[in-house]
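There are 2 protein chains.
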Amino acid sequence: GTMSVVKLEEWRQRIVKELDDTVAFWLKYSHDTTHGGFFTCLGRDGTVYDELKYVWLQGRQVWMYCRLYRTMERFRRPEILEAAKAGGAFLRRFARVSSGQWKCAFCLTRDGKAVKIQRTVFSECFYLLAMDELSRVTADEGMQLEAEQMMEQLIHWVRVDSSGLGRPQLPGDFPTNSMAVPMMLLCLVHQLSEGRGQEVAHKYSELTGWCVQQILQHVQRDGTAVLENVSLQGGELPGCLGRLQNPGHALEAGWFLLQLSAQQQDSELQRTAINKFVELPFQSGWDNGHGGLFYFLDVDGHCPTQLEWNMKLWWPHCEALIAFLMAYSQTKKPELLQRFSQVYEYTFNHFPDADSGEWFGYLTQEGKPALDLKGGPFKGFFHVPRCLYMCELMLDDLLANRD
Amino acid sequence: GTMSVVKLEEWRQRIVKELDDTVAFWLKYSHDTTHGGFFTCLGRDGTVYDELKYVWLQGRQVWMYCRLYRTMERFRRPEILEAAKAGGAFLRRFARVSSGQWKCAFCLTRDGKAVKIQRTVFSECFYLLAMDELSRVTADEGMQLEAEQMMEQLIHWVRVDSSGLGRPQLPGDFPTNSMAVPMMLLCLVHQLSEGRGQEVAHKYSELTGWCVQQILQHVQRDGTAVLENVSLQGGELPGCLGRLQNPGHALEAGWFLLQLSAQQQDSELQRTAINKFVELPFQSGWDNGHGGLFYFLDVDGHCPTQLEWNMKLWWPHCEALIAFLMAYSQTKKPELLQRFSQVYEYTFNHFPDADSGEWFGYLTQEGKPALDLKGGPFKGFFHVPRCLYMCELMLDDLLANRD
Chain A
3 GTMSVVKLEE WRQRIVKELD DTVAFWLKYS HDTTHGGFFT CLGRDGTVYD
53 ELKYVWLQGR QVWMYCRLYR TMERFRRPEI LEAAKAGGAF LRRFARVSSG
103 QWKCAFCLTR DGKAVKIQRT VFSECFYLLA MDELSRVTAD EGMQLEAEQM
153 MEQLIHWVRV DSSGLGRPQL PGDFPTNSMA VPMMLLCLVH QLSEGRGQEV
203 AHKYSELTGW CVQQILQHVQ RDGTAVLENV SLQGGELPGC LGRLQNPGHA
253 LEAGWFLLQL SAQQQDSELQ RTAINKFVEL PFQSGWDNGH GGLFYFLDVD
303 GHCPTQLEWN MKLWWPHCEA LIAFLMAYSQ TKKPELLQRF SQVYEYTFNH
353 FPDADSGEWF GYLTQEGKPA LDLKGGPFKG FFHVPRCLYM CELMLDDLLA
403 NRD
Chain B
3 GTMSVVKLEE WRQRIVKELD DTVAFWLKYS HDTTHGGFFT CLGRDGTVYD
53 ELKYVWLQGR QVWMYCRLYR TMERFRRPEI LEAAKAGGAF LRRFARVSSG
103 QWKCAFCLTR DGKAVKIQRT VFSECFYLLA MDELSRVTAD EGMQLEAEQM
153 MEQLIHWVRV DSSGLGRPQL PGDFPTNSMA VPMMLLCLVH QLSEGRGQEV
203 AHKYSELTGW CVQQILQHVQ RDGTAVLENV SLQGGELPGC LGRLQNPGHA
253 LEAGWFLLQL SAQQQDSELQ RTAINKFVEL PFQSGWDNGH GGLFYFLDVD
303 GHCPTQLEWN MKLWWPHCEA LIAFLMAYSQ TKKPELLQRF SQVYEYTFNH
353 FPDADSGEWF GYLTQEGKPA LDLKGGPFKG FFHVPRCLYM CELMLDDLLA
403 NRD
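Top to bottom, those sequences are chains A and B. Plus 2 on top of the position in the first sequence (first one is 1) and you've got the working numbering. Plus 2 on top of the position in the second sequence (first one is 1) and you've got the working numbering.
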């Protein structure tokens, strides 16, 4: 109806402006023109308060810059491409800890010396995202090949033998299916196969099925809860670890599954994605008292042991915006647009910083900024622009194809 | 004067009652009578919400039970001794990861299987504390010898070669003097030498001097700040790591140094301890808006990246109470008793749970419980009873020796 068109237009305008402002903020403050790569520890006004370079965030910023450059006309600007190339070069030169090895550091000094290595696969995943997207812009086949080789290594670590990650196998440490791992692999398959035709899709089809099945195993308690960690057999794990819920993460998994369901025209997967990974985490994760999504919850109502459990973080709200708008776009069910509106109101009333630009990342339960930084070890140029970018595209599409 | 005697009596009564209640809470809810050792993940009402056994907290509870049993008449009760012995037996059987090795796990399953190993020395430190104090109660010389051997291993890891801890040496990871390490060793020296005569004191005298010097290196910025991490040469480290302040930790170091200054009758050390490690961290760490001590601060006023930086934790307040009462006891300067009173008011108005007993551990900046648990991976039977125990003894002494 007319009302919703007005709303869609209003949202779109704000989102376009926020995306432009966010890109401008990071272009202005985050570039290390001496060593390449990006400063991500940026204070409220953009001041660099720490020069460490976190590999997740380096890879994500390269990916996001290239994606904007490649797919949105107004961002096809030389300074964006140059920064992405310099970031890619920094990663290629320094992220992999020893030459010939695929293991990447988690954190580097400004000039690229390894500070810390995590015994997980995520630095490598974001390295891959950067390489594949950058290779699409530069047509660098060697770089694309490196992304594909990294994918083979990741699959080996996740599905065959994780001993190369350096984690000792301890008798009391049960192997766990952590939601992040199949989600991340599904995201990488999407990245590597997008626009590359049936052959590549076929190459990863078995892996895609495995990722979906691993993600769906997190639906527990007779379908009433999504749990962040389950056993390899898809059962519930004991204790806090087993009862942990991360609503923002479940919502992100939700739109990953929705994206796949559209590609595969799988209406059952679409229904499961919406019911179990969009509606359910929103229901359990929304704070009816103060608004916003909790960071962590315990499915049995115990208090989580994470000190930040009741804080409102920017990224779960980004994921919720994408998830509800995608669910609405696919189904046109008005209650899904209503939820988008609810999350939109909270998000745009609380996270953007009207004084200095960009978004606060970490609010108290009551919605007051608890940390005033714009970037840090885990907040970079990624969740905010990815959300705004995807929502802009979806709103464009809704407005172009309205009844 | 009369006024302060009334106050001292009032504080003492409350503290005696809180200590009795705290001991009763842990005796009632934390014992694993099947496997030995202690549950420490206790909800608001004492319910066990996770059965994992954290080695730091196992060792600390054994130590605290034995210390109370050994030195306070009203706690010389068989059930306390039996629980301490069962905790000690659990640790001896399961904490050390492989037989013949000194490395201890960080976390065990209820029945003692290793879940996680930290690449630091703290599990081993609390293991030692437990063994030494338990051996004083049981007169088990083999156990005392094990404590002394563990001390040699710890000294080796800290001062000679840390490679046995399993931490890879990375080119960008500068060796750091972290306040926790010399503090912990000084605490262990105190434990091992207490009441054992000049020979043992002499054995550790060089180490004691080294610990003091390492702790004093954390006074930076021309004596205006205590920083949590400095370089091995005693200089400031770059970035957030170098600018980090942990007021509660500095206050704890303060009373460790005060205790030593009294033993050594070193008035210069006493003055430094009070000015730099008691007054200064209180000045920088106290929240003048809402009261209470911040958990973390950045010396240059940047926002810390720790999400919990502005929360009010129970243990810094415990350390502040001990530090100010000890500083007052040693100097009789009324302003120090005034500070004790200020911390006391905040602490006893915010942390104890009038409904279910024991103390909340984690408050928001505004002083509201953010987590309602009574015990967790880092909160056990240690900081609350140690503080109450030490304050009771100091108040007894002040009241017995008043002018």
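Any given hint might turn out to be false.
If you want the ones that stay clear, here's a sample from chain A, every Cβ over 10 Å from chain B, calculated [as the list claims (entries may be wrong)]: (1) Glu53; (2) Asp175; (3) Leu234; (4) Met313.
SDA-like mimics (lysine to any residue), calculated; alpha carbons at most 20 Å apart, straight line [claimed, not checked]: (5) B:Lys115 with A:Gln332; (6) A:Lys370 with A:Leu395; (7) A:Lys115 with B:Pro354; (8) B:Lys19 with B:Pro354; (9) B:Lys115 with A:Ser233; (10) A:Lys118 with B:Gly166; (11) B:Lys118 with A:Ala264; (12) B:Lys118 with B:Thr140; (13) A:Lys30 with A:Ser101; (14) B:Lys118 with A:Leu10; (15) B:Lys370 with A:Arg169; (16) A:Lys30 with A:Lys370; (17) A:Lys335 with A:Leu10; (18) A:Lys118 with A:His37; (19) A:Lys118 with A:Ser137; (20) A:Lys118 with B:Lys30; (21) A:Lys118 with B:Glu81; (22) A:Lys370 with A:Lys335; (23) A:Lys115 with B:Lys19; (24) B:Lys30 with B:Glu81; (25) B:Lys115 with A:Phe176; (26) A:Lys334 with A:Gln266; (27) A:Lys334 with A:Pro240; (28) A:Lys115 with B:Gln171; (29) A:Lys115 with B:Lys30; (30) B:Lys205 with B:Val221; (31) B:Lys370 with A:Leu309; (32) A:Lys118 with B:Ser165.
Since the hints were derived computationally from the structure, they do not count as laboratory data. Even for Gly, the Cβ is constructed at its ideal location relative to N, Cα and C.
Practice prompt. Just pull the numbers of the violated hints for me, sorted ascending.
Written response: Of the numbered hints given earlier, those the structure breaks are 1, 2, 4, 5, 6, 7, 11, 12, 13, 14, 15, 16, 19, 20, 21, 22, 23, 27, 29, 30, listed in rising order.
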